[in-house]
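Undergrad: Residue numbers (numbering that gives the first Met the number 0), protein chains in the order written: chain D, 0 to 90; chain Y, 0 to 90; chain U, 0 to 90; chain G, 0 to 90.
Rather than coming from a laboratory, the hints here were simulated on the basis of the structure.
Note that this is a predicted model, so its numbers are computed, not measured.
Hints should not be assumed to be uniformly reliable.
Identical copies go unnamed one by one, so any copy, or any two together, can satisfy a pair.
[Stated by the list, open to error] Calculated cross-link-like contacts (lysine to any residue; reagent style SDA-like; alpha-carbon spacing at most 20 Å):
id	residue 1	residue 2
1	Lys-76	Val-65
2	Lys-76	Thr-39
3	Lys-89	Gln-20
4	Lys-26	Ala-54
5	Lys-16	Leu-53
6	Lys-26	Leu-53
Protein chains: 4
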Amino acid sequence: MHGYQKDAEDLLNRLRKVEGQVRGIQKMIQEDRYCVDILTQFSSIKSALAKIELALLESHTRGCVVDAIQGGGGDEKIDELMHVIRASMKG
Amino acid sequence: MHGYQKDAEDLLNRLRKVEGQVRGIQKMIQEDRYCVDILTQFSSIKSALAKIELALLESHTRGCVVDAIQGGGGDEKIDELMHVIRASMKG
Amino acid sequence: MHGYQKDAEDLLNRLRKVEGQVRGIQKMIQEDRYCVDILTQFSSIKSALAKIELALLESHTRGCVVDAIQGGGGDEKIDELMHVIRASMKG
Amino acid sequence: MHGYQKDAEDLLNRLRKVEGQVRGIQKMIQEDRYCVDILTQFSSIKSALAKIELALLESHTRGCVVDAIQGGGGDEKIDELMHVIRASMKG
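Work the whole structure out from these sequences, hints included.
TA: In structure tokens, the structure reads:
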């Protein structure tokens, strides 16, 4: 079981909310709503996604990465972690 | 009718794809998939959202903003545009 | 004369401050300061640069872009503007 | 001695280059250069800064954070690391 499972219900609720916000934007487009009102929604979605991503990154670091380092084989996990952080910052 | 309506079908398809990706992350969490495989999905979603946001921003600029400037009342529209760009960059 | 010239002194002061912050990081490295204290400086520099960039983008939009649209030839200027915004968001 | 010291010369060279780029923007403003040519420089500076930041973050993780975890006291270091990553992503 992975480290994030203890927060799985919270993560799923937040992802369902993001899913609802993405559907909300579709509805706004179908209703021909004002462009700026639609654009405003994106900041809220991006901010919510970034927080979920950071929560997963944190539980991954505190779980899998720490376990691997304590088990003497952390190098590969840190390569992987840095790769994820690099990709996320480019995002 | 707003400027983005000529691309509405394309925008809706891309948003449905993002919605599916957000649901895909929920499924990965329910299946206890490896954290890094889940994290990798976020870059793809953020990149897709940023492209949709830019498409809306562009049609808004070419439509509403240009119309307002040509009609002699562009100041307010540019205030609003800069506000949206500022919020988006803080993302 | 370009639109940003009316704020040139303010922009130059802010850029000199950023330049000083970048030199400050070099000094911290030479003094073998704690990594996290160095990393903290980057957020401040990135935030200062983003604000200067937005100020230039705003004066460009209110100046060159509006002038081109009112002169009937805004399409090329908007292509260019969207290109700059796209590059900045990827940044 | 901190982990980044083995790359200190490379980091300093890259920071000197960024410093030169920031001075270059000041010169462009003083020469009243075209706004878009100035704006284009920001992406390059932001990208260079992000790479230096990631290099420091990586050597910090491989050095101080791994040492602390192996010494049994990693919790505080990971709190600090997550704080730095969170601040960096906010840009």
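Undergrad: Now tell me, hint by hint, if it's right for this structure.
TA: Hints, one by one, checked against the model:
no., hint, result
1, Lys-76 with Val-65, "both (9 Å within a copy, 11 Å between copies)"
2, Lys-76 with Thr-39, "between (37 Å within a copy, 15 Å between copies)"
3, Lys-89 with Gln-20, "between (23 Å within a copy, 19 Å between copies)"
4, Lys-26 with Ala-54, "between (29 Å within a copy, 17 Å between copies)"
5, Lys-16 with Leu-53, "within (17 Å within a copy, 23 Å between copies)"
6, Lys-26 with Leu-53, "between (29 Å within a copy, 18 Å between copies)"
Comparing the model with each numbered hint stated earlier shows that all of them hold.
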